[in-house]
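Protein chains: 2
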Amino acid sequence: MDNADSVNVRVFSLNCWGIRYLSKHCPQRYAMIGEMLSKEEHDIVLLQEVWSEKDYLCLKKKLACTHPHSHYFKSGVIGSGLAIFTKYRIHDTFVYRYSLNGYPYMAHHGDWFGGKAVGMAVLNVGGLTANVYVTHLHAEYCREKDSYLPHRVVQAWELQQFIRHTSAGADVVILGGDLNMHPQDLGNRLLRSYTGLQDSYLETAKFDGCEDGMTLIADNPFITEKELGPFDKGIRIDYILFKSSSKADIHCDSMSTTKGSVPDHPFPYSDHEALTAELRLESCSPAETGADRPSKTQDSTAGRLAELVDIVTEARTEVKVGLHCAERMRYTAARTAVMGLALLFLELAIAAVPWLALGAEQPFPRTSFYLLAVLCFAILLTTSLLYIFYTMELKSLQGAEDQMRLAVSSLQEKLRGFPLAQPHNPPRRPPEGQEPGAFHPEE
Amino acid sequence: MDNADSVNVRVFSLNCWGIRYLSKHCPQRYAMIGEMLSKEEHDIVLLQEVWSEKDYLCLKKKLACTHPHSHYFKSGVIGSGLAIFTKYRIHDTFVYRYSLNGYPYMAHHGDWFGGKAVGMAVLNVGGLTANVYVTHLHAEYCREKDSYLPHRVVQAWELQQFIRHTSAGADVVILGGDLNMHPQDLGNRLLRSYTGLQDSYLETAKFDGCEDGMTLIADNPFITEKELGPFDKGIRIDYILFKSSSKADIHCDSMSTTKGSVPDHPFPYSDHEALTAELRLESCSPAETGADRPSKTQDSTAGRLAELVDIVTEARTEVKVGLHCAERMRYTAARTAVMGLALLFLELAIAAVPWLALGAEQPFPRTSFYLLAVLCFAILLTTSLLYIFYTMELKSLQGAEDQMRLAVSSLQEKLRGFPLAQPHNPPRRPPEGQEPGAFHPEE
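Here the protein sequences line up with chains F and C, keeping their order. Letter 422 of the first sequence, counting from 1, is numbered 422 in UniProt numbering, and no numbers are missing. Letter 343 of the second sequence, counting from 1, is numbered 343 in UniProt numbering, and no numbers are missing.
These are calculated hints, taken from the structure and not from any lab test. Since the structure is predicted, the reported quantities are computational estimates derived from the model, not experimental observations. Keep in mind that the hints are not guaranteed to be accurate.
One copy or two, either will do: identical chains are not told apart, so a pair holds if it fits within one copy or between any two.
[Unchecked claim] In silico BS3-like pairs for lysine-lysine, Cα to Cα no more than 30 Å straight-line:
#1 K320 to K60
#2 K62 to K87
#3 K61 to K414
#4 K60 to K414
#5 K414 to K243
#6 K243 to K60
#7 K414 to K247
#8 K243 to K87
#9 K414 to K62
#10 K320 to K62
#11 K24 to K233
#12 K206 to K259
Just chain F, same shape as in the assembly:
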């Protein structure tokens, strides 16, 4: 189906690993990235981990001719790290900050300070309204015992909500970024199933890049063996996803990734590989919309709904695990606070006794008294802050759980229209063999 009304759009996505003074060869790598981008002239460039606005402004200056339109999404203490450069005029932008994003006291992981978010830019691409999203989810530091999994699942949930609710008026939806999730991870299935986004790597007609489309590879000199864990060759966690609409069909003509090195340079652009997807946007005439396209059968719709119910139920189970954990942590904080308070009262009692009964006969241990008082106050302050933090975490997790329960019940309501589809074998299963939790509709 070759159409005269087709536009080719080259989309680029890269996690720049741009922590000033901490990331290796940061200024040199930014110079390389700027050079490459101005040479390659991609239509849409989606960058993550541009942690310093100065680096963004530097890139903006360098790309002023090739990519006259750009936006840096601000959020949190040190920014969201998200930036977009494009040839198309940006008509509108919007940013959604995820409600959960790690813990402030896990400073060595640093995710909390980043204020992770999803940024949206509305572009006009060849007469079509394109909603372009760029995001970066919480990192996975230990796959076996991933304490951030509930946070990442809630982020994926909020990401799909944001995309679904904001893209109703869009003809084209494109999402690029570092999702920090393997292709079959729960959050990824949740995102793709709910939004209907398609994976460029799986849909592309032609691919040139790392084996299995991996974007964090052992061959990259910035990657240590430890980071990859059991996946010794590498993992695929960066994506370019897209979605057609009734007004436009999207095809991925080709896709490529960098392969851990850059010709004529001593090191690669980043610790992540860069992704480039060549998308072909074909406008559909209104007449075409109904007649020309294969209409979905009842069965496939019901199958998709049933699959979605399974995935949301699985996500809900994961969020519940996070809820129990946050409750336990909050309880520990409260208990420690009570202990600190008890210690303070004990100390005051000890101080009051010699003052009342012994007078000035015995020397009062001032130093130990003050040190202990300081310790008590420090305990009280820290545990109070932690209690507030865990309360906020609980609220967010409960909020997501509520929404998921509502979604499952609404999906099941829809599913009742297709009696043939139940019982059902979900077509995709998690490779880790995670059992989806039993579903008890509570509302």
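Guided by the hints, dock chain C onto chain F, whose structure is given.
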């Protein structure tokens, strides 16, 4: 135009003033509210300041028969306070937390802890998709010297963004809540002009309620004279807004407010008056959409765009004022932190001198030493936290300012298609005679 396909929807909105143990007669008022709601059987009930989830659950139980579907929007430390009760099934919910919401150290104002947000519920009303929003913006404590104005303007900005971007697929848009803004306030004009939302009070065919539709009135026994300031009769800060679409026309048949008292009860439902709007939703057939409706002339569209440019520019000026203020506060925090650090070093030097030179000959002033050290640490900790907080505030304000600049430039681009419309006299002006800032397109 009477249509067979019309649905009547009664929408109710009330700020419940539900701070447990602090708001006057809280349990009695909740009992009154529950009783009234179950008797009146409104189709959609939008509540604000339901700060305790227990109170929500109590209402939910009481309204189980009349309003089987409900949702409580969770956010922040003590929740967003937002709840929706409805006769229609809730298909989907989404919540957006405002990036700015006062200061945590202004504990007596308490807004920061509330985690103010806008909640959205997707309902199916007589075959139409209705996006129903409920929100509560930051309170205004002193109109003459309103240090929260930039925060409220950014909240209004984010509210209009959220509604605009999420309602593209909706046939009907309804917003209810306590906006804490007078009808002609900057944030209100920004919200209404950008989204095209209409004010039930201004559009209603029939009105029964307080003079000028006021919702915070002197006749309410919970309201003190001080709270109303120069507006001795009262102010209008609660609204029910709505928007038609190409698929449905909305008309407000009647509107009413409570008048500061409830028959047979010693006090009213809340310190705010309750709003009820009777909306008539008329489905438009696809044929009607183009032909039957008066098409907007070029002139009116251009006028609307030019007005919008003025309002966004005014909002940008206000955000810039907030930016300067936040920068100054951050600078003060940094300077105080440096002073705390200098004091600590000075103390260490004083401590080192007798230890090095005088040995144990002179008694060391332990008590003062420890007290001073504690003071230094307290200063350092507080100022560091404040510095981080102001940095986040700055990022949010800068982000909003960036988006506003982009919006103005995009609007002006559109406006260039209507050369006749410039120069232009904006039809609505702020009553306070605030001068909109000069506009310098920087991008």
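Here's how the hints hold up against the structure:
Taking the shortest Cα distances, K320 and K60 sit within 30 Å of each other only across copies (23 Å), while inside one copy they are farther apart (43 Å). Taking identical chains as interchangeable, the C-alpha atoms of K62 and K87 lie at most 30 Å apart only when both belong to the same chain, with a minimum of 14 Å there against 57 Å between chains. Taking CA atoms no more than 30 Å apart as the test, K61 paired with K414 passes between copies only; the shortest distance there is 26 Å, against 51 Å inside one copy. When the C-alpha separation of K60 and K414 is checked against a cutoff of 30 Å, the pair qualifies only between copies, where the shortest distance is 24 Å, while the shortest distance within a copy is 47 Å.
With identical chains, the CA atoms of K414 and K243 are at most 30 Å apart both within one copy (23 Å) and between copies (27 Å). Taking the closest pair of Cα atoms, K243 and K60 come within 30 Å of each other only inside a single copy of the chain (28 Å); across copies the shortest separation is 39 Å, beyond that limit. Taking the shortest Cα distances, K414 and K247 sit within 30 Å of each other both inside one copy (25 Å) and across copies (22 Å). For the homomeric pair K243 and K87, the shortest alpha-carbon distance inside one copy (20 Å) is at most 30 Å, but the shortest distance between copies (34 Å) is not.
Taking CA atoms no more than 30 Å apart as the test, K414 paired with K62 passes between copies only; the shortest distance there is 28 Å, against 51 Å inside one copy. For the homomeric pair K320 and K62, the shortest alpha-carbon distance between copies (28 Å) is at most 30 Å, but the shortest distance inside one copy (47 Å) is not. Proximity of K24 to K233 under the C-alpha cut-off of 30 Å is restricted to the intra-copy arrangement: shortest distance 22 Å within a copy versus 65 Å between copies. In this assembly of identical chains, K206 and K259 lie within 30 Å of each other by CA distance solely inside one copy; the values are 16 Å within and 70 Å between copies.
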